[in-house]
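There are 2 protein chains.
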Amino acid sequence: MDFVVIGGDAAGMSAASRAKRNMADMNVTVLERNHDVSFSACGMPYNIAVPEKPIEDLVVRQAEVFRSKQGINLLTGHEVTKIDLAEKTVCGTTDQGTAFTFPYDKLLIATGGTPVMPDFTGTDLPGVFSLKILDNGRKMKAWLNERPVKKVVIIGTGYIGLEMCESLRERGIEVDLVKPGKALVSWTAPELSEAVQQEVESRGARIHLCNGVQKIESNGAGLSVVCQENSLDADMVLVAIGIRPNSDFAAAAGLELSVKNAISVDRHLCTSDPNIYSAGDCADAYHLVTGEKTWIPLALVANRGGWTAADNVCGIPKEMDGVAGTAVFKIFDLEMARTGLTMAEAKAAGFDPVDVVIKSRSRAHAHPGSVPIHVYMIGDKKSGRLLGAQMLGKEGAAHRINAAAVALHTQMTVETFSQTDLSYAPPFGPVWDPLLTAANQLLKKM
Amino acid sequence: MDFVVIGGDAAGMSAASRAKRNMADMNVTVLERNHDVSFSACGMPYNIAVPEKPIEDLVVRQAEVFRSKQGINLLTGHEVTKIDLAEKTVCGTTDQGTAFTFPYDKLLIATGGTPVMPDFTGTDLPGVFSLKILDNGRKMKAWLNERPVKKVVIIGTGYIGLEMCESLRERGIEVDLVKPGKALVSWTAPELSEAVQQEVESRGARIHLCNGVQKIESNGAGLSVVCQENSLDADMVLVAIGIRPNSDFAAAAGLELSVKNAISVDRHLCTSDPNIYSAGDCADAYHLVTGEKTWIPLALVANRGGWTAADNVCGIPKEMDGVAGTAVFKIFDLEMARTGLTMAEAKAAGFDPVDVVIKSRSRAHAHPGSVPIHVYMIGDKKSGRLLGAQMLGKEGAAHRINAAAVALHTQMTVETFSQTDLSYAPPFGPVWDPLLTAANQLLKKM
Numbered sequence: 003m004d005f006v007v008i009g010g011d012a013a014g015m016s017a018a019s020r021a022k023r024n025m026a027d028m029n030v031t032v033l034e035r036n037h038d039v040s041f042s043a044c045g046m047p048y049n050i051a052v053p054e055k056p057i058e059d060l061v062v063r064q065a066e067v068f069r070s071k072q073g074i075n076l077l078t079g080h081e082v083t084k085i086d087l088a089e090k091t092v093c094g095t096t097d098q099g100t101a102f103t104f105p106y107d108k109l110l111i112a113t114g115g116t117p118v119m120p121d122f123t124g125t126d127l128p129g130v131f132s133l134k135i136l137d138n139g140r141k142m143k144a145w146l147n148e149r150p151v152k153k154v155v156i157i158g159t160g161y162i163g164l165e166m167c168e169s170l171r172e173r174g175i176e177v178d179l180v181k182p183g184k185a186l187v188s189w190t191a192p193e194l195s196e197a198v199q200q201e202v203e204s205r206g207a208r209i210h211l212c213n214g215v216q217k218i219e220s221n222g223a224g225l226s227v228v229c230q231e232n233s234l235d236a237d238m239v240l241v242a243i244g245i246r247p248n249s250d251f252a253a254a255a256g257l258e259l260s261v262k263n264a265i266s267v268d269r270h271l272c273t274s275d276p277n278i279y280s281a282g283d284c285a286d287a288y289h290l291v292t293g294e295k296t297w298i299p300l301a302l303v304a305n306r307g308g309w310t311a312a313d314n315v316c317g318i319p320k321e322m323d324g325v326a327g328t329a330v331f332k333i334f335d336l337e338m339a340r341t342g343l344t345m346a347e348a349k350a351a352g353f354d355p356v357d358v359v360i361k362s363r364s365r366a367h368a369h370p371g372s373v374p375i376h377v378y379m380i381g382d383k384k385s386g387r388l389l390g391a392q393m394l395g396k397e398g399a400a401h402r403i404n405a406a407a408v409a410l411h412t413q414m415t416v417e418t419f420s421q422t423d424l425s426y427a428p429p430f431g432p433v434w435d436p437l438l439t440a441a442n443q444l445l446k447k448m
Numbered sequence: 003m004d005f006v007v008i009g010g011d012a013a014g015m016s017a018a019s020r021a022k023r024n025m026a027d028m029n030v031t032v033l034e035r036n037h038d039v040s041f042s043a044c045g046m047p048y049n050i051a052v053p054e055k056p057i058e059d060l061v062v063r064q065a066e067v068f069r070s071k072q073g074i075n076l077l078t079g080h081e082v083t084k085i086d087l088a089e090k091t092v093c094g095t096t097d098q099g100t101a102f103t104f105p106y107d108k109l110l111i112a113t114g115g116t117p118v119m120p121d122f123t124g125t126d127l128p129g130v131f132s133l134k135i136l137d138n139g140r141k142m143k144a145w146l147n148e149r150p151v152k153k154v155v156i157i158g159t160g161y162i163g164l165e166m167c168e169s170l171r172e173r174g175i176e177v178d179l180v181k182p183g184k185a186l187v188s189w190t191a192p193e194l195s196e197a198v199q200q201e202v203e204s205r206g207a208r209i210h211l212c213n214g215v216q217k218i219e220s221n222g223a224g225l226s227v228v229c230q231e232n233s234l235d236a237d238m239v240l241v242a243i244g245i246r247p248n249s250d251f252a253a254a255a256g257l258e259l260s261v262k263n264a265i266s267v268d269r270h271l272c273t274s275d276p277n278i279y280s281a282g283d284c285a286d287a288y289h290l291v292t293g294e295k296t297w298i299p300l301a302l303v304a305n306r307g308g309w310t311a312a313d314n315v316c317g318i319p320k321e322m323d324g325v326a327g328t329a330v331f332k333i334f335d336l337e338m339a340r341t342g343l344t345m346a347e348a349k350a351a352g353f354d355p356v357d358v359v360i361k362s363r364s365r366a367h368a369h370p371g372s373v374p375i376h377v378y379m380i381g382d383k384k385s386g387r388l389l390g391a392q393m394l395g396k397e398g399a400a401h402r403i404n405a406a407a408v409a410l411h412t413q414m415t416v417e418t419f420s421q422t423d424l425s426y427a428p429p430f431g432p433v434w435d436p437l438l439t440a441a442n443q444l445l446k447k448m
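So the protein sequences, as listed, match chains A and B. The first sequence begins at 3 in the working numbering and counts up one residue at a time. The second sequence begins at 3 in the working numbering and counts up one residue at a time.
Calculated directly from the structure, the hints in this document are not laboratory data. There could be a bad hint or two in this list.
Each pair may be met inside one copy or between any two copies, as identical chains are not told apart.
Unchecked claim - Capping the alpha-carbon separation at 25 Å, the derived lysine-lysine pairs in BS3-like fashion look like this:
{"id": "1", "residue 1": "Lys384", "residue 2": "Lys349"}
{"id": "2", "residue 1": "Lys84", "residue 2": "Lys153"}
{"id": "3", "residue 1": "Lys447", "residue 2": "Lys384"}
{"id": "4", "residue 1": "Lys320", "residue 2": "Lys447"}
{"id": "5", "residue 1": "Lys184", "residue 2": "Lys143"}
{"id": "6", "residue 1": "Lys349", "residue 2": "Lys143"}
{"id": "7", "residue 1": "Lys384", "residue 2": "Lys152"}
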C-alpha cells in the first residue's frame, strides 16, 4: 500500500512513523516543501533568546534517521500543488524545478498553517518577520545576530507575540507590543490580563493597546511602524497576529472545508474523500465541550491527529477524542494556562454561562515562597457543567490546568469537580487547591 | 438545634464553620481536648526546620476568631470520654478536672488520629517523639532548640518520616532512617523508590533498610536505638510508623467501625447512629476506584468531610464522592505524587492489573533545565480502566498527578486518558505529557 503524507512536521512525521510501526512493509512517502522536518516550533522563542545556540538544536529527529532507521521515503524540497482525487495522485515541483507525481492509496494532508499577514503595506520589507516554520526562526535569528538590533516592534499579543517579547528582552532588546484591542490578553478576565500586563511592563516592554497598525515603512536607518496613535521606530518587526490553515490546494481539489477554512475531518481524521485524511494545524476538530467543529492549532493535537490518522490508514479503527484547547504559555516569570471555552465562546455556543475569578496562593498557609494564583472559571447554569478554566501565577498554573482539562473530557459538573480528590502538601498548594476554591465559589452562582 | 462537634482540627472546624454559615442561629459547640485548633499539621516539618520560627505560625485561624467572629462555642481543654446514644449526650472532663455533659441533636465525631506506637520498650523515654498534633511539634521543636542535638534516628519512612528527614538535615542534624522493609518507599515501583533513596542519601542522611527496631534505651549521654543489625546513637528519636483512627469511645458507645477500626460512615458521613456523623482521620470513606470502604487519612479528605457532614446536619443533603488517596510530598529536591491504587491494592481488590514505569522529561526537547520525570501507572486488563498513577521528579510531579486523580473520579479507561488534551509549552513539559506517554506505553500491555 502507498501511503503519501504531505507535510513533514508534527502531524505528518507522527503519522509516517506510526504507520511504519504499525505496518513495516507499507510504502510511506513524506513530501515536505521545506528542508526542515520534525522540529520544535514552540521552542523557537527560547532558542532565539540565546544568540550562540544553533537553531538546529530544535530538530527533534534528523531527516536521515527517518529515512535510514524507519524506512520512510522522506523527500524535502517537494512542494505539492495539486491533488487529483479521481486519479489518486499528488503532483508538484521540487525546489530544483523538477515536476513530480506520486500515486497514493491513502493520503494524509498535514500541511500545517501559515502566519496571517495583515493587509497593510510594508510587511514584505526586509526586517519584517513572522514565526511559524524553522526557516522563519533561522532568518530572524540571523537578522538579530548580524545586526545591532536595539528595538523591535511586535504586532499582536498572542502566545508567539508574548513569548518573543520575553525572548527579545532576554537579549536586551527594547520591545514595543502593539494591538488594536483594549486588553493585552483578550480571552481572559480583566484581572488576569492586567496581571500579565503588569509583568510585561515591569520587564521593560512597552504595551500599546487600542492602537491599530496602518503601515510599515522603511525610514532609512530602519523601519517605522505607523499606527493610529503614534509611530514606532524599529530595527526589526515581528508580525504575530495568528495563523490560518494551509488548505488552499485541498479546497481546489474539492475537499470540504469548515471553521476558518480548515480541512473538514470526521472523528477518524478522514476528509470528505474516503482515501484522504488530514491532521494538524490544517485540519479542524471536534470541541470537547460544545461537540461542534472547531479549529485550534496546537502541537499535541497535531501529534494525536497524526497517530489517529495513521492507525485508520493501517486499518486499525481509531477515533480522536475532541480537543479542549488546553494551552499554557510562560511570559517572563508568569505561567498562564487555559482549557475549554472562554466566556464569549460559551455564550456563542448557546450555554448559559456564569464565571468567577478567585485569588488563591501557590503554597500553603505559612509556607515560605507562596505567590498569588488567579483562577478564572466558567460553568453552565443550565446543565451545571464545567465549561472552562484559566489560571495565572508565578508557579503552579501550568500543570494544574490539566485537572480541569480531564474534567472537560467527561462533561463533569462544577459540583463534581469541586469534590475531586486533588493533591496537597504545603510546598505545593493550599489544602483546597485553587481550582477547588474556584469551583466552590462558582457553585454559589450556579 | 444543638450541633456538637468533638475535635477542633481540619474536619471539626470546617464543619463548625460551615454549619454556622448555613444556619446562623444554630448552636454549634466544639469540644477539643487540646488547646490548639485549626492548625496546619502538614506544615510542621517545614516550621521545625527553621529554629527561630514560632510553631504558632501554623495556626490558620485563632480560637478567638471562631468564637467572636463566627459565634462558635469553642471549648478547648475539653476531652470527651463517653457518648450516650440513647440520652444524646457527650460527657467528659476538662483539663482543669471539671466534669461536663453536653446534650446534642446532631453530633460530629472528628477526633482525628493518633500516632501508632510500636510495642518495643523505650518509646516513653524523654527525647522520643511522634508528630501529629501541634503540641507534638511544639515539644519536639523545644527539644531541638534547647539542646545541642547532633543526631536523630527516625523510625519509619512514610510522608512524616521523610519530610522530617529533610527538615532535620536543613538544621544540620545527622539523620538515620530505619525501617524493617527492603524498599524505602514500599508502595511504589523499585525505580522510583531507588531514586528517592539516592536523593536522600545524596543529602547525607543514612538509610537502614531490612532493619527492625528492638528497643530504645537511654545510654547516659542520650538514646540508643537497638536494631536487629546495629545500634544507633541519637539525641532524639522520631517514631513515625503511621497513625490509627481515634475511634475508641465511638466503639465503646456502640458505633460501627470498619477498615483499620475507623468509624464507619455512609456517603452522607453518617455513622451507624442517624444523629451522629464522623469525618476526618477517624472516619472511613469509599474508595473511588474500588467502590469499597477504605481509610486514607489526608487533610483535604478531612476538610471535604467536614463540609459534607455539616451540610447534612443542616438538612442540605450532600454526598461525598469517594477518595482516591491523591497525595504528594517533597523530599529535598524531589516531588513525589500518587493517586489511586498501588499494585498490591489493585490485586487485593480483584482487578487484573498491569503496570508500566516510564522515564520522561520535565521540559521539552532542547529546553534548558529539563530533569527526568518517572511515571508509574497501573491499569486493569479486564475493564481497561486506569487504576492508579505515581510520579517522581525534581519538578512537574506535584500538580500533574491531579489530571490522573480527576480521571479516577470518572472510571476513565487508560485509552481515553491517553487521548486527553493536556497542556504543552516547552518550559513545562514535552509535547506528550509524561502521563500521556505512560498511558500510551501501558496501553500496549492491556
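Hint by hint, here is what the structure shows:
{"no.": "1", "hint": "Lys384 - Lys349", "verdict": "within (12 Å within a copy, 41 Å between copies)"}
{"no.": "2", "hint": "Lys84 - Lys153", "verdict": "neither (42 Å within a copy, 77 Å between copies)"}
{"no.": "3", "hint": "Lys447 - Lys384", "verdict": "within (12 Å within a copy, 41 Å between copies)"}
{"no.": "4", "hint": "Lys320 - Lys447", "verdict": "between (39 Å within a copy, 18 Å between copies)"}
{"no.": "5", "hint": "Lys184 - Lys143", "verdict": "neither (31 Å within a copy, 54 Å between copies)"}
{"no.": "6", "hint": "Lys349 - Lys143", "verdict": "neither (42 Å within a copy, 56 Å between copies)"}
{"no.": "7", "hint": "Lys384 - Lys152", "verdict": "neither (53 Å within a copy, 63 Å between copies)"}
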